[in-house]
Amino acid sequence: MRITVAMKTGEFFMDVGFRESILEIKTRIQRMTGIPIHSQTLTTVYGCDLADGFDVEDYPAITDGARLHLVVAVPGPRFTVTLKYPSGETPMEVDGAETVLSLKEKIHIMDGTPIRRMSLSFGGAEMADSATLSDCGVGGAKGFEIRVSVKTMNRSSSSGGEVQARTVEFVVQTSSVFHNARIPVEVPETATVDELSGMLIGMGLLPVDGYVFVHKQRLM
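With the numbering used here applied, the sequence shown covers 1 to 220.
Treat the hints as calculated values from the structure; they're not laboratory data.
Remember, predicted model here, so these are calculated numbers, not experimental data.
Be aware that one or more of the hints could be misleading.
[Stated by the list, open to error] Derived EDC-like pairs: lysine to aspartate or glutamate, alpha-carbon spacing no greater than 16 Å straight-line:
| id | residue 1 | residue 2 |
| --- | --- | --- |
| 1 | K106 | E169 |
| 2 | K84 | E57 |
| 3 | K84 | E145 |
| 4 | K84 | D111 |
| 5 | K142 | D129 |
| 6 | K106 | E186 |
| 7 | K106 | E93 |
| 8 | K151 | E126 |
| 9 | K84 | E126 |
| 10 | K106 | D95 |
| 11 | K151 | E169 |
| 12 | K151 | D129 |
Modelling step: build the complete structure from the supplied sequences, incorporating the hints.
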(Lines of atoms letter the chains of each structure in order from A and count residues from 1; the text may use other names and numbers.)
(Lines give C-alpha, C1' and ligand atoms only; values in the text may rest on other atoms or scores of the structure.)
Protein backbone atom coordinates (compact mmCIF):
# COMPACT_ATOMS: atom_id res chain seq x y z
CA MET A 1 0.00 0.00 0.00
CA ARG A 2 1.08 3.59 -0.51
CA ILE A 3 1.36 6.19 2.24
CA THR A 4 2.37 9.84 2.34
CA VAL A 5 5.16 10.98 4.64
CA ALA A 6 4.96 14.71 5.37
CA MET A 7 7.69 16.85 6.89
CA LYS A 8 8.39 20.58 7.20
CA THR A 9 10.32 20.75 3.92
CA GLY A 10 7.79 18.78 1.85
CA GLU A 11 6.33 15.33 1.47
CA PHE A 12 6.93 12.10 -0.41
CA PHE A 13 5.23 8.78 -1.08
CA MET A 14 6.30 5.36 0.15
CA ASP A 15 5.06 1.87 -0.63
CA VAL A 16 4.97 -0.16 2.59
CA GLY A 17 3.87 -3.65 3.58
CA PHE A 18 1.56 -4.62 6.41
CA ARG A 19 4.29 -6.72 8.03
CA GLU A 20 6.99 -4.09 7.59
CA SER A 21 8.27 -2.69 10.88
CA ILE A 22 8.41 1.00 11.71
CA LEU A 23 12.18 0.65 12.11
CA GLU A 24 12.45 -0.72 8.58
CA ILE A 25 10.47 2.26 7.27
CA LYS A 26 12.79 4.64 9.13
CA THR A 27 15.79 2.83 7.65
CA ARG A 28 14.41 3.38 4.17
CA ILE A 29 13.73 7.04 4.96
CA GLN A 30 17.35 7.39 6.06
CA ARG A 31 18.51 5.99 2.71
CA MET A 32 16.19 8.35 0.85
CA THR A 33 16.77 11.55 2.80
CA GLY A 34 19.94 11.06 4.84
CA ILE A 35 18.05 11.75 8.10
CA PRO A 36 19.50 9.50 10.85
CA ILE A 37 17.10 6.93 12.28
CA HIS A 38 17.61 8.19 15.85
CA SER A 39 16.51 11.69 14.76
CA GLN A 40 13.24 10.48 13.21
CA THR A 41 9.85 10.39 14.90
CA LEU A 42 6.91 9.12 12.84
CA THR A 43 3.43 10.06 14.02
CA THR A 44 -0.10 9.46 12.82
CA VAL A 45 -2.51 12.28 12.01
CA TYR A 46 -3.82 11.80 15.56
CA GLY A 47 -0.42 12.70 17.00
CA CYS A 48 0.52 9.18 18.17
CA ASP A 49 4.19 8.25 17.92
CA LEU A 50 4.96 4.99 16.09
CA ALA A 51 7.23 2.58 18.00
CA ASP A 52 10.17 1.07 16.11
CA GLY A 53 9.43 -2.51 17.15
CA PHE A 54 5.83 -2.53 15.88
CA ASP A 55 4.68 -3.45 12.39
CA VAL A 56 2.41 -1.44 10.12
CA GLU A 57 -0.42 -3.89 10.75
CA ASP A 58 -0.26 -3.09 14.49
CA TYR A 59 -1.57 0.41 13.78
CA PRO A 60 -5.19 0.54 12.49
CA ALA A 61 -4.65 4.18 11.47
CA ILE A 62 -2.11 3.17 8.80
CA THR A 63 -4.11 2.18 5.73
CA ASP A 64 -3.70 2.70 2.02
CA GLY A 65 -3.45 6.43 1.41
CA ALA A 66 -2.69 7.22 5.05
CA ARG A 67 -0.63 10.27 5.92
CA LEU A 68 2.21 10.13 8.45
CA HIS A 69 4.16 13.04 9.84
CA LEU A 70 7.95 12.87 10.09
CA VAL A 71 9.40 15.00 12.86
CA VAL A 72 13.16 15.47 12.79
CA ALA A 73 14.73 16.09 16.18
CA VAL A 74 17.22 18.92 16.33
CA PRO A 75 19.48 18.20 19.31
CA GLY A 76 19.80 21.05 21.75
CA PRO A 77 22.41 21.74 24.40
CA ARG A 78 22.45 19.26 27.27
CA PHE A 79 22.88 20.46 30.83
CA THR A 80 21.89 19.59 34.38
CA VAL A 81 19.07 21.45 36.09
CA THR A 82 18.14 21.49 39.76
CA LEU A 83 14.51 20.60 40.48
CA LYS A 84 13.47 22.50 43.59
CA TYR A 85 10.70 20.93 45.68
CA PRO A 86 9.17 22.30 48.91
CA SER A 87 10.85 19.36 50.67
CA GLY A 88 14.21 19.39 48.91
CA GLU A 89 15.89 19.31 45.52
CA THR A 90 17.21 16.84 42.95
CA PRO A 91 19.40 17.17 39.83
CA MET A 92 18.27 16.03 36.37
CA GLU A 93 20.04 16.06 33.01
CA VAL A 94 17.91 17.64 30.26
CA ASP A 95 18.06 18.71 26.64
CA GLY A 96 17.42 22.37 25.89
CA ALA A 97 15.27 21.37 22.90
CA GLU A 98 12.82 19.26 24.93
CA THR A 99 9.47 20.68 25.92
CA VAL A 100 8.21 21.51 29.37
CA LEU A 101 5.59 18.76 28.99
CA SER A 102 8.35 16.25 28.24
CA LEU A 103 10.12 17.30 31.43
CA LYS A 104 6.88 16.92 33.38
CA GLU A 105 6.55 13.35 32.07
CA LYS A 106 10.09 12.57 33.24
CA ILE A 107 9.36 14.01 36.68
CA HIS A 108 6.13 12.01 36.88
CA ILE A 109 8.02 8.80 36.06
CA MET A 110 10.71 9.65 38.60
CA ASP A 111 8.59 10.58 41.61
CA GLY A 112 4.93 10.08 40.70
CA THR A 113 3.91 13.77 40.76
CA PRO A 114 0.61 13.99 38.77
CA ILE A 115 1.22 15.66 35.41
CA ARG A 116 -2.10 17.54 35.33
CA ARG A 117 -1.48 19.09 38.73
CA MET A 118 2.23 19.76 38.24
CA SER A 119 3.46 23.32 37.79
CA LEU A 120 7.02 24.12 36.71
CA SER A 121 8.36 27.63 37.26
CA PHE A 122 11.58 29.26 36.17
CA GLY A 123 12.70 32.78 37.04
CA GLY A 124 9.44 33.36 38.91
CA ALA A 125 7.17 32.56 35.94
CA GLU A 126 5.20 29.39 35.21
CA MET A 127 6.45 27.55 32.13
CA ALA A 128 4.03 26.64 29.32
CA ASP A 129 3.81 22.96 28.40
CA SER A 130 4.46 23.60 24.70
CA ALA A 131 7.59 25.75 25.25
CA THR A 132 11.08 24.27 25.10
CA LEU A 133 13.44 24.67 28.01
CA SER A 134 15.67 26.89 25.89
CA ASP A 135 12.65 29.07 25.01
CA CYS A 136 12.14 29.63 28.73
CA GLY A 137 15.76 30.65 29.21
CA VAL A 138 16.73 27.59 31.23
CA GLY A 139 20.47 27.02 31.15
CA GLY A 140 21.26 30.61 30.23
CA ALA A 141 22.12 33.63 32.32
CA LYS A 142 19.05 33.09 34.53
CA GLY A 143 20.44 29.83 35.90
CA PHE A 144 19.43 26.20 36.15
CA GLU A 145 16.86 26.04 38.97
CA ILE A 146 13.30 24.90 38.16
CA ARG A 147 10.66 24.96 40.88
CA VAL A 148 8.23 22.05 41.04
CA SER A 149 4.88 22.57 42.75
CA VAL A 150 1.57 20.72 42.86
CA LYS A 151 -1.65 22.62 42.20
CA THR A 152 -4.64 21.99 44.44
CA MET A 153 -7.84 21.00 42.66
CA ASN A 154 -11.33 21.79 43.92
CA ARG A 155 -13.41 18.64 44.01
CA SER A 156 -16.69 20.56 43.95
CA SER A 157 -17.91 24.08 43.37
CA SER A 158 -18.71 26.39 46.28
CA SER A 159 -22.36 26.36 45.22
CA GLY A 160 -22.65 22.63 45.77
CA GLY A 161 -22.10 21.54 42.16
CA GLU A 162 -21.28 18.03 41.04
CA VAL A 163 -18.18 16.39 42.44
CA GLN A 164 -15.56 15.82 39.75
CA ALA A 165 -14.81 12.22 38.82
CA ARG A 166 -11.65 10.99 40.53
CA THR A 167 -8.77 9.90 38.33
CA VAL A 168 -5.57 7.99 38.92
CA GLU A 169 -2.21 8.50 37.22
CA PHE A 170 0.38 5.78 36.76
CA VAL A 171 3.01 4.55 34.32
CA VAL A 172 2.61 1.52 32.04
CA GLN A 173 6.04 -0.13 31.74
CA THR A 174 6.22 -2.37 28.67
CA SER A 175 8.49 -5.40 28.30
CA SER A 176 11.63 -5.57 26.17
CA VAL A 177 9.48 -6.88 23.30
CA PHE A 178 7.94 -3.41 23.17
CA HIS A 179 11.26 -1.61 23.76
CA ASN A 180 10.82 -1.07 27.51
CA ALA A 181 8.61 1.96 26.90
CA ARG A 182 7.27 3.91 29.89
CA ILE A 183 3.83 5.36 29.14
CA PRO A 184 2.32 7.82 31.65
CA VAL A 185 -1.49 7.57 31.64
CA GLU A 186 -4.42 9.04 33.51
CA VAL A 187 -7.74 7.20 33.75
CA PRO A 188 -10.89 7.35 35.89
CA GLU A 189 -10.40 5.29 39.04
CA THR A 190 -13.36 3.13 37.93
CA ALA A 191 -11.74 2.25 34.58
CA THR A 192 -11.37 -1.43 33.72
CA VAL A 193 -8.33 -3.17 32.24
CA ASP A 194 -10.21 -3.51 28.94
CA GLU A 195 -10.85 0.24 28.90
CA LEU A 196 -7.16 0.93 29.60
CA SER A 197 -6.14 -1.43 26.83
CA GLY A 198 -8.61 0.16 24.41
CA MET A 199 -7.31 3.64 25.23
CA LEU A 200 -3.67 2.65 24.58
CA ILE A 201 -4.60 0.86 21.35
CA GLY A 202 -6.63 3.85 20.20
CA MET A 203 -3.62 6.11 20.82
CA GLY A 204 -1.47 3.82 18.72
CA LEU A 205 0.82 2.98 21.66
CA LEU A 206 0.08 -0.76 21.83
CA PRO A 207 -0.88 -3.40 19.25
CA VAL A 208 -4.33 -4.96 19.31
CA ASP A 209 -3.18 -8.21 20.95
CA GLY A 210 -0.16 -10.24 22.05
CA TYR A 211 0.31 -8.92 25.60
CA VAL A 212 -1.14 -8.97 29.14
CA PHE A 213 -1.13 -6.48 32.02
CA VAL A 214 0.67 -7.45 35.23
CA HIS A 215 0.53 -5.60 38.55
CA LYS A 216 2.63 -6.72 41.54
CA GLN A 217 3.34 -10.04 39.77
CA ARG A 218 -0.37 -10.72 39.26
CA LEU A 219 -2.20 -10.89 35.96
CA MET A 220 -4.89 -8.21 35.66
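Under the constraints set out in the numbered hints, which ones does this structure not fulfil? 2, 5
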